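Asks: Each protein sequence line maps, in turn, to chains A and B. The first sequence runs contiguously to residue 1427 in the working numbering. The second sequence runs contiguously to residue 252 in the working numbering.
What the hints contain is simulated information worked out from the structure, not anything from laboratory work. Watch out, some of these pointers could steer you wrong.
What the hints assert, rightly or not - These stretches of chain B come out as covered by chain A in the derived footprint (C-beta under 8 angstroms, 3 or more residues):
| hint | stretch |
| --- | --- |
| 1 | -5 to 4 |
| 2 | 219 to 229 |
| 3 | 240 to 251 |
Computed from a prediction, not measured in an experiment: that's the story for all the values here. Note that the Cβ used here is the ideal one computed from N, Cα and C, for glycine as well.
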Amino acid sequence: MFEDLFRYNFRPLCLYALHYVQDADVAEDLVQECFTTLWEKLQEGTEIANRRAYLYMTVRNRCLDRLRRKGIATESLKPYDTYGIIDDDDAEERSQTEARLWTAIDSLPPKCREAFLLNKRDGLKYEEVAREMGISENTVRNQISKALKLLKDGAVKIYMFFFG
Amino acid sequence: MSQFEDKHLDFVLKHYQEGKFDTRKAISRFNEAHGIRPKPRRNVLVMMSGFAAAAAAAVLLGVFIFRNIEDSRWTEYETLAYAGSFTLPDGSEVALSPNSTLRYREDGKRMVKMSGKVFFDVARDETRPFEVRTDGAFVRVLGTEFQVNDGSQDGTETVRVYVSDGKVLFAKNGRSEGIVLTKDMGACLEKGGDMPVADAGQDINSIAWNRGSFIFDDTPLKEVLDCLSEYYKVSFAATDLDKRLSGEFYNDDLDLIISLIESALDVTIIKK
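Isolated chain B, as found in the complex:
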């Protein structure tokens, strides 16, 4: 059998519903049901058992290494090879990409420190702004969804912020003036710079790792491949780089995405 047959397609079509059998959702339901998300612990003894539990769960999912920091006002999470998400005490949701850390305050102050790349969905509370700090910059918000990438994973040390919903202020540490970003806007602050500048290089696919899919809308093939190349760390060569692509692609199977693009645009794409 080198091809599916009518009987396969007929059966699938009879039952097909959009969004059904969603593997990613099933995995997160499973993890939630089994308490895979570690809870912050306070004392050393519990921390040890927390660590043992995390080690046991390491076979399962993006596990946070949880650490008690000497300064007891802060709790730290760290992701290794997998992304992971959890809810902060104020109800805000955060998703850490692999190799990221996040510290939050135990005293209820809405301030976090981070490194790596983290996506935030901040619980709205206009009386208490939510603040994200990296080594070089900070972002202050009321309630919104955005991502901060401090550049430590790619070694550029350029802090990149992308807002998917709402409004944030992005500024260099120690400065009160910054740039205000709203929905679908990105900006970056280079190392040594004083003022973040608008950055068209970030778009909705900057948060593909968290959303689980890429979205293209009349996007030139060259940009599509740049986006996939950055995400999967693979280089591509292709014919007809000017052709344009629209559609949403799940990010869990690169080969499938490539073959779909090849037949949609009638091009040949080679992984290098």
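Just chain A, same shape as in the assembly:
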């Protein structure tokens, strides 16, 4: 089913693209275009045995095209994480874990997510998060450790679900 293909791969592909283009809006548009390309190929009657692999390949090609058009030197056309260059295969493998992590963050209770993001993403200290949210520092600490626990437990289950 094409919709299932979409459902299971959209987010992982967005994360994969993000390693190349480093911009969520660009990554999302680009992945959407790749689904369109695949859909059109299938409509024309082209046989594509491994659709998931095909999608990863087209996403990668489009990312590279885009970077080239922006004038990035060929030797720098690589996926990155926050620590530096990673390899293409690694980016593909990680995209699954990272997509599930993204989903798990989406599913955190709202206050818990807010405290977690203000601290871990935006770099606010506990004290600043407490002021921003109008709650005690202790509550902030609890919310953040709860968030981490939820993500860890969630990610383990997710991992089993995918590969177990």
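Fit chain B to the supplied structure of chain A, relying on the hints for placement.
Replies: Chain B only, in chain A's frame:
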């Protein structure tokens, strides 16, 4: 690797934005761009090609089977295994849950007939009330969001109405007196009953299938599980049914929801 690592979390956090990479929205954008929503057709020839197109699109999304009814004033949509949504000629949006039908008038009269479970977001027009009919009851509105479930999917034949915004009148067919429902109110009319009665069993999660998420607010675990059980048709056993849960959960992954609840409340939940 049995766990995510810091490098994964760091990367996700660097780019994380709420509501980004929303798979459901992406699917509906895709469907809209590719005209997956079938358009009503009139003559038999076009209807055949409409059907062929629908069959081709069947691999993709909740497809409506479109039917020309003998009485040309009505057009009918039917969903099979998937939910689907479309816009009526007056601009009202409807979302059909799986195995539902909806007929609407071609002559511009704001009246629809339905079976199954359908969510309505009615375009406001105070001069022309919008009316929904099932076999046993009708709901008349000015402009609002509500859901009608005629009970045919669960075999109860009890008509259930839930209003998420606005105000509606819900009554038995042939009667002018009924019950007026406003935001977050539900009512039901049992088969053979004359007057709908308030029904606290319906709440915001009655429309989870359409919204794409469950919302709990200090809800006892027992009610949470009843809600999931009704939605996913699975039974659960759990410890500490009195613990309370708050939060919003996307409805596309039951296992994830269960594991999140387990760790949030420190309970064990078993699917039966």
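Asks: Are the hints correct? Go through all of them and say.
Replies: Comparing the hints with the structure gives:
no. : hint       : in the structure
1   : -5 to 4    : holds (count 7)
2   : 219 to 229 : holds (count 4)
3   : 240 to 251 : holds (count 4)
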